[in-house]
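Engineer: Chain by chain, the residues:
2 protein chains.
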Amino acid sequence: MIFITFPEQQLRTFTEAVFLKIGCPLADAQLAADVLLKSDLRGIDSHGVARLSGYVRLWEKERINATPNIRIVHETPTTATVDGDAGLGLVVAPFAMKVAIEKAKVYGSGWVSVKNSNHFGIAGYHSLLAVQQDMIGISMTNASPLVAPTYANERLLGTNPMCYGFPAGKYPPVIVDMATAAAANGKLEIAQRAKLPIPEGWAQDKDGANTTDPNELKAGGSLLPLGSDKDHGSHKGYGLSATVDILSAVLSGANYGPWVPPFVAFLEPSANPVGQGIGHFFGAMRVDGFRPAQDFKDHLDNWIERFKSAKTIDPGKRVIIPGEPEYAFENERKKNGIPLIDAVVNDLNELAAKLGVASL
Amino acid sequence: MIFITFPEQQLRTFTEAVFLKIGCPLADAQLAADVLLKSDLRGIDSHGVARLSGYVRLWEKERINATPNIRIVHETPTTATVDGDAGLGLVVAPFAMKVAIEKAKVYGSGWVSVKNSNHFGIAGYHSLLAVQQDMIGISMTNASPLVAPTYANERLLGTNPMCYGFPAGKYPPVIVDMATAAAANGKLEIAQRAKLPIPEGWAQDKDGANTTDPNELKAGGSLLPLGSDKDHGSHKGYGLSATVDILSAVLSGANYGPWVPPFVAFLEPSANPVGQGIGHFFGAMRVDGFRPAQDFKDHLDNWIERFKSAKTIDPGKRVIIPGEPEYAFENERKKNGIPLIDAVVNDLNELAAKLGVASL
Chain A
769 MIFITFPEQQ LRTFTEAVFL KIGCPLADAQ LAADVLLKSD LRGIDSHGVA
819 RLSGYVRLWE KERINATPNI RIVHETPTTA TVDGDAGLGL VVAPFAMKVA
869 IEKAKVYGSG WVSVKNSNHF GIAGYHSLLA VQQDMIGISM TNASPLVAPT
919 YANERLLGTN PMCYGFPAGK YPPVIVDMAT AAAANGKLEI AQRAKLPIPE
969 GWAQDKDGAN TTDPNELKAG GSLLPLGSDK DHGSHKGYGL SATVDILSAV
1019 LSGANYGPWV PPFVAFLEPS ANPVGQGIGH FFGAMRVDGF RPAQDFKDHL
1069 DNWIERFKSA KTIDPGKRVI IPGEPEYAFE NERKKNGIPL IDAVVNDLNE
1119 LAAKLGVASL
Chain B
769 MIFITFPEQQ LRTFTEAVFL KIGCPLADAQ LAADVLLKSD LRGIDSHGVA
819 RLSGYVRLWE KERINATPNI RIVHETPTTA TVDGDAGLGL VVAPFAMKVA
869 IEKAKVYGSG WVSVKNSNHF GIAGYHSLLA VQQDMIGISM TNASPLVAPT
919 YANERLLGTN PMCYGFPAGK YPPVIVDMAT AAAANGKLEI AQRAKLPIPE
969 GWAQDKDGAN TTDPNELKAG GSLLPLGSDK DHGSHKGYGL SATVDILSAV
1019 LSGANYGPWV PPFVAFLEPS ANPVGQGIGH FFGAMRVDGF RPAQDFKDHL
1069 DNWIERFKSA KTIDPGKRVI IPGEPEYAFE NERKKNGIPL IDAVVNDLNE
1119 LAAKLGVASL
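Protein chains in written order, with my numbering: chain A, 769 to 1128; chain B, 769 to 1128.
One or more hints might be untrue.
Since copy identity is lost for identical chains, a pair holds within one copy or between any two.
To be verified - Cut-off 27 angstroms, straight-line C-alpha distance, at most; resulting in silico cross-link-like pairs (DSS-like, lysine-lysine):
| no. | residue 1 | residue 2 |
| --- | --- | --- |
| 1 | 955 | 998 |
| 2 | 986 | 998 |
| 3 | 955 | 1079 |
| 4 | 998 | 1079 |
| 5 | 986 | 1085 |
| 6 | 1085 | 998 |
| 7 | 1085 | 974 |
| 8 | 1076 | 1065 |
| 9 | 829 | 789 |
The hints are simulated quantities; they were obtained by calculation from the structure and are not laboratory data.
So that you can see chain A by itself, here it is in the shape it has in the complex (with noise of 0.2 angstroms):
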């Protein structure tokens, strides 16, 4: 595998080309863009911009809407659901989240459920768009089934990931973001071009039969929810990606479950959908609407020192916290440029090519 590294400006510029190429307005493009390069500043390589050429093809099939009317259905003062009218969801989720911090900086708190939206990036994105503003700031999505709950032999889940967010002192931010499956898709993805088996645990082939064989997901398989067996707790997994799904969809009126659309474009959407595009969910909470935001902060780093002076069982090993590795990453890439696969810059300059658009 070779890498080419970029600096982040570089690709900041063409991603933000290639969302004006397809009508994004220029506001919406460069927002979409700063979705995606946080991802890859972060080390989130999955959800950067190796996935600029899949919202093409949505867009292509006329499943994203590129100039959206996104706006508030139904609210109350502290909540609210939005229609992201089909537009990105990089664009539609931070629409929702500043809805959800205005009116916690009015009410102390905003909950927002999502729904006609398509994928939004990573979860710690948008709840980082809280905790810049004191609070502490949640976000969750539905995505694709490829998931089975416990003693399931159906794919009726996303890797539905939950995020929380906590503005510290002088450490950064503790940000829990995860899959609420055991491993993310992209896990299996590197097992298969590096021909590796993965652990026992995270996928079942498509007798429901636990596998090592990263291909069997594309093979009628299953990824297995956080807990892996009954045993180890996967109803428990299955019980987070259930309350993803229903805050995001079942609340807003997205589709849920088994009736997800698909984020690739060559997997058409259910015939018989049961709501509009994908479900999100965000929350904002002012760290002062229950103590002094100083003390919250003089605390949590502490929590956070405590954590870290951790015995471990390893010399070699700390305790990390959440969000610690993400922020390493960002200040490494904002200095050292971004590295991406030789695969991924074929994908993007092929993109330029058919759009028209200066190549990396």
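Starting from the structure of chain A, add chain B where the hints point.
Structural biologist: Only chain B this time, still in chain A's reference frame:
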């Protein structure tokens, strides 16, 4: 093991008498008994009347205040911090959830973090208070440190449960109520009594090595987070547990991490606490703050039906809806009574003799 079955009302009367005897006001004694009985009715035997003598021992040590002045110490229209004044968590928690519910009635949602409390029984009880009002109910608590974060060889977190409850239409509510550890301590205790090994991935020994001996926990070992090991996502279980700890205690001013006071009276709390008592977190959101409640319930019913009818890995199994087994237990035990093991009955009768309350 011998089981003796008691009518619900007999255990309720007994439990109320015990709480009255230690000085609780009548309404508090009734409420605390209701929380414990709900646990026994729902089949969560580890959190019901089996714990009654534990609460009394904490009261004897003056770590539980039978006549607390539970009060809001900080608030905005939709957020609050409650000081439990060292009261029974069984009483403090419903107070706090009711604050959240009242705020939600007016503003759409309400969120309450609690300090200076004690063990609150089952999380599901408190979420159900909101669910009964057509709200989404959320409840969490931190707990005595038993769980080692990924790579740690120290107990830094409790089994820190999170619970999400959703009102359905023709089906029982969906109640996701789960410890964020791979397995709850109660499961290790059952294995200890039965002299059976535990599955790998539940616990590590005092040197941080995985163990199948349930006695290792008491010999300086630790429970493991949901996910069990890094390969299977234990950093996610750790991240969820951290989330519960921060929302419940860093936000409210309770003790967090290794400073959380132990439930068992024979272990002393930290001499250098970082806050007051243990912490909880509650949320209530009006369903009709997002869409008409009946629409939500109709779609949640559809969700439930689809998941219940899923193709399974084994014809003898079916996909279980979160909360469904507890609901079935409740119906059965309301009719046929609550079975207690003889050791629990003996413990309760010793308690009765000590306090001068009529025995079971």
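Engineer: Next, verify each hint and record whether it holds.
Structural biologist: So, going through the hints one by one against the coordinates:
no. : hint        : in the structure
1   : 955 x 998   : both (22 angstroms within a copy, 13 angstroms between copies)
2   : 986 x 998   : both (24 angstroms within a copy, 24 angstroms between copies)
3   : 955 x 1079  : between (29 angstroms within a copy, 26 angstroms between copies)
4   : 998 x 1079  : between (30 angstroms within a copy, 17 angstroms between copies)
5   : 986 x 1085  : between (35 angstroms within a copy, 25 angstroms between copies)
6   : 1085 x 998  : between (29 angstroms within a copy, 12 angstroms between copies)
7   : 1085 x 974  : between (37 angstroms within a copy, 17 angstroms between copies)
8   : 1076 x 1065 : within (16 angstroms within a copy, 44 angstroms between copies)
9   : 829 x 789   : within (16 angstroms within a copy, 71 angstroms between copies)
Consistency note: the structure conflicts with none of the earlier hints.
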